[in-house]
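Trainee: Sequence:
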Amino acid sequence: MGQSTPINKPVVLVVEDEPLQRIMAVELVEECGFEVVQAWGADEAIRILESRDDIRIVFTDVDMPGSLDGLMLAAAIRDRWPPIQIIITSGCLDLKDTTLPPQSVFFSKPYQHDKVVAELFRMAEA
Numbered sequence: 045m046g047q048s049t050p051i052n053k054p055v056v057l058v059v060e061d062e063p064l065q066r067i068m069a070v071e072l073v074e075e076c077g078f079e080v081v082q083a084w085g086a087d088e089a090i091r092i093l094e095s096r097d098d099i100r101i102v103f104t105d106v107d108m109p110g111s112l113d114g115l116m117l118a119a120a121i122r123d124r125w126p127p128i129q130i131i132i133t134s135g136c137l138d139l140k141d142t143t144l145p146p147q148s149v150f151f152s153k154p155y156q157h158d159k160v161v162a163e164l165f166r167m168a169e170a
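Letter by letter, the sequence shown follows residues 45 to 170 of my numbering.
Quick list of simulated restraints, FRET-style, between CB atoms:
id	residue 1	residue 2	range
1	GLU94	ASP158	29 to 39 Å
2	ARG91	PRO127	12 to 22 Å
3	ILE67	GLY110	18 to 28 Å
4	SER111	ASN52	26 to 36 Å
To be clear, the hints were calculated from the coordinates, so they are not data collected in a lab.
Yeah, the Cβ is synthetic: ideal placement off N, Cα and C, and Gly gets one too.
Using the sequences and the hints, build the whole thing.
Mentor: This is the structure in structure tokens:
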């Protein structure tokens, strides 16, 4: 008999346009035992969020192509899906907590995996 998949596995939406960065983020989230959904940009992420009601955490980069960047995506999530927790990352910006939407955190790239993992678990418990 095969192993069964855990029920109520937290779902994380990873939003990253750079393929290598997205692969690394997806692997990090999967290694935590979460289910991962991927989007290459904020526009696609919004479409995914509109079609699913099981996403608990969004892990997004700031600098992306399309009509929204990661900060605008985070603001839209906060407006439309308030329970969703948000992790925002950037290799170009250093954001202060005062510029972040509520229930979100920021990590500069390259981020420390252990700190992101701890935050993922904390958010999944919220």
